[in-house]
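Given the coordinates of chain L, assemble chains H and S onto it according to the supplied hints.
Okay, here's what each chain looks like letter by letter:
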Amino acid sequence: MKADSIVSLDHGSGGLASQNLISGLFLKYLTCPQLRDLEDCAVLGEYAGRIAFSTDSYVVDPLFFPGGDIGELAVHGTINDLAMRGARPIALSLALIIEEGFPLADLERVIASVARCCEAAGVAVVTGDTKVVPRGKADRLFVNTTGIGIASHRIEISGKRARVGDAVLISGTLADHGITIMSCQAGIAIGGDIASDTQPLHRLVAALLEEEDGAVHVLRDPTRGGLATTLCEIARSSKVGITIEEELLPIRPAVNTACELIGLDPLYLANEGKCLIICDQARAEAVLQLLRRMPEGREAALIGRVVENREGRVSLTTRIGGSRLLEPLTGQPLPRIC
Amino acid sequence: MCLAIPMQVVEIRGGGDPLFDPQIALVESDGIRKEIRLEMADRIPEVGEYVIIHAGFAIRTLTVEDAEYNLSLMRQMADMLEQQGRLPGVPE
Amino acid sequence: MKETDAFRSREITAPLVDEITRSLVRPVRIMEVCGTHTMSIFRHGIRSLLPESIALLSGPGCPVCVTPASHIDAFIAAARLPQVTIATFGDLIRVPGSDGSLATARANGARVEIVYSPMDALTLAQNEPERTVLFPAIGFETTAPTIAATILQAERMGITNFLIIAAGKTMPQALEALLADPELQVDGLLCPGHVSAIIGSEAYRPLAEKYRLACAVAGFEPADILAGLLALIRQVNEGAPRVDNCYTRAVGVEGNAKARALMDEVFAPADSEWRGLGTIPGSGLVLREKYSRFDGLRQLGIPLQPAKEPKGCRCGDILKGRLLPPDCPLYGSACTPLQPVGPCMVSNEGTCAAYYRYSGQKGRQQTNRLNNL
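Residue numbers (the numbering used here), protein chains in the order written: chain L, 1 to 338; chain H, 1 to 92; chain S, 1 to 373.
Hints in this document: simulated from the structure, not taken from any laboratory.
Please note: incorrect hints may appear among the correct ones.
[To be verified] Pairwise CB distance ranges, derived in the manner of DEER restraints:
id, chain 1, residue 1, chain 2, residue 2, range
1, S, E130, L, L38, 42 to 52 Å
2, H, E82, S, I159, 36 to 46 Å
3, H, S72, S, R212, 27 to 37 Å
4, S, P82, H, S72, 55 to 65 Å
5, H, S72, S, R22, 40 to 50 Å
Ideal placement from N, C-alpha and C gives every residue a C-beta, glycine not left out.
Only chain L is shown next, with the shape it has when bound in the complex (with noise of 0.2 Å):
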């Protein structure tokens, strides 16, 4: 390729051709007062409420899939993190290690996506940096977020407080993202439906606190393992039992018969723009209703129920009727033949 359409050394040197790619590209779409200040440091207001946190670095392959891309990930990631401690996020720095013949015209699309989500969500990007290594040395483009959040006072959502017949709600439906990212290296034409469901949950978060703050005990994205690894985690988190219902689990026809085709289990595939809800169960059916009021949650769904079970075990009820544990994931997911 050009010598001016790819990333070189020189970018991440912190000189003249550093100061060009980021006042050429990066500020070009990445619009944010205090990040034109170029200081070292973002120095933000005062806020009332507790400070939450939250980092993730994003190493999806491929960078570009449909419905998204890695800075999508990267910008919807953070602000999800944030959104299930019940945090309303107020910012987010940048960071990206590139290696050296990374395409510009890929770098602008991957930034031009990070400034689009950041609009979009209303949360700023406002601090970053930039490191180019030599090539060889990274896979093409690793990107990562570091959030600022701020929780309200009465606000006490986490893993260990689901308690025995609260209600297990998810927003919307399942595997899209890990069948989407796992169909391209399958090499399997995708069609139908088929996309990455990346989005930021913060609204929908915030519209549910809003409502039902007293009633919603825990909140996580289920996101590398799938909706079963992020149950076990919870369940063993809260030292309860957890079981769902295959029959109500929503799930696109496409999604799972591309998972079919390729010998994946659904469960055990990632989420980018899902909620799971546990919640008391006398406010289920009004949550329920919330979430699908909203553009985020139209096919949240009530899956299933806490029971009593002081290891953690979560088991599904299977279509035909059938009992079946779902165990955490070990290691990644692989297509089989068998």
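Coordinates of chains H and S only, in the frame set by chain L:
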């Protein structure tokens, strides 16, 4: 080691040259499409028929009737069980 | 998906479960010999619906599980060669040989790609002419023709950088060896659906007659499996062992001659080692001499070295249905799904892996329900 699923054939492509243009089936289900090799199919499917797919190959071609027959047998069995309480011919 | 939904509906499965329950007049031991059957039984929670008097044993039906460590070691040796890219089914990635797995090799810098089809491995070879692409050719009769077709395509196209290590196996000889063991106590055999699509339901008749063994060919949906189990129980009750074909939509009496011809063109039968079971005559597939240019062992100079079974591993007894996973000294301690020692724990549908998932490490305390295994 038998993971294989049935999908409907929506198009037959190629066949002009066994080397550079081998005959393949395009299958579809719920919006998912995949190109499938036909070298080991017991017979070449027609559009609208079904194939059972394993590792990117059709291992068996079924007519709609074939697919339905098995199902209708099972349905009959289920109905008989429900109505009569047992299958005929089972020793007490 | 709509093609399979009906076979998962309670409308059909519930009456079958009821009839199975009613028809069981004495304890019955059924063995299934297909990893996909094991997976499906587990996935749909079928055991939990069946009465305790039916014991479902998992035999050596998982090609990943029965691939001997010597072959795994050969795959890894190939992976370690700098010019070689391994293109493999995902099932093999975490299988341990004598020293690590393909995943370990990848972590140490080897190029290991997962493919959905052997044709994808050939395409990779075409796209990367400077690499040698090697496909570990595991599988039974369902998969062997796909690999044969790929070899023939490679031959036609004159592709010189595509190799396989032939590690495929065939079922009938293994079943014969299994059933010939006087200690094996099985009343019925749930026959593998898609292998049967290739070899035909008639292939099991000699076994049914010689060993007075009930046989039923079954598909993989819950209704298929339950129908197969019911057929077996009825045969046992009638004292009339035969081969029932409960998967008529995929399986004929004679099987798929075209697929068998493909296999026969490229592969020859040979004696083969089954992990945990020892050598079974005529049960393996090797490349015919005319296709030896695709033989990875020969072309890359990789010796097939006998590998020692790990000490204390009881997979052989488990694969023969003689032992339950919790009875193995390594189960749950030295041998877990994350760090499997033997084949039964290695693959997701290996008996021990499925058992572990179903009952966790506390398997010993739950033999009550799970003596079904």
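Tested hints:
About 45 Å separates the C-beta atoms of S/E130 and L/L38, a value consistent with the hinted range of 42 to 52 Å. Checked against the hint of 36 to 46 Å, the C-beta distance between H/E82 and S/I159 comes to roughly 57 Å, which is inconsistent with it. Between H/S72 and S/R212 the C-beta distance comes to about 32 Å, which sits within the given range of 27 to 37 Å. Remark: the range hint 55 to 65 Å for S/P82 to H/S72 is upheld by a beta-carbon distance near 58 Å.
Checked against the hint of 40 to 50 Å, the C-beta distance between H/S72 and S/R22 comes to roughly 23 Å, which is inconsistent with it.
When held up to the earlier numbered hints, the structure conflicts with 2, 5 and fits the remainder.
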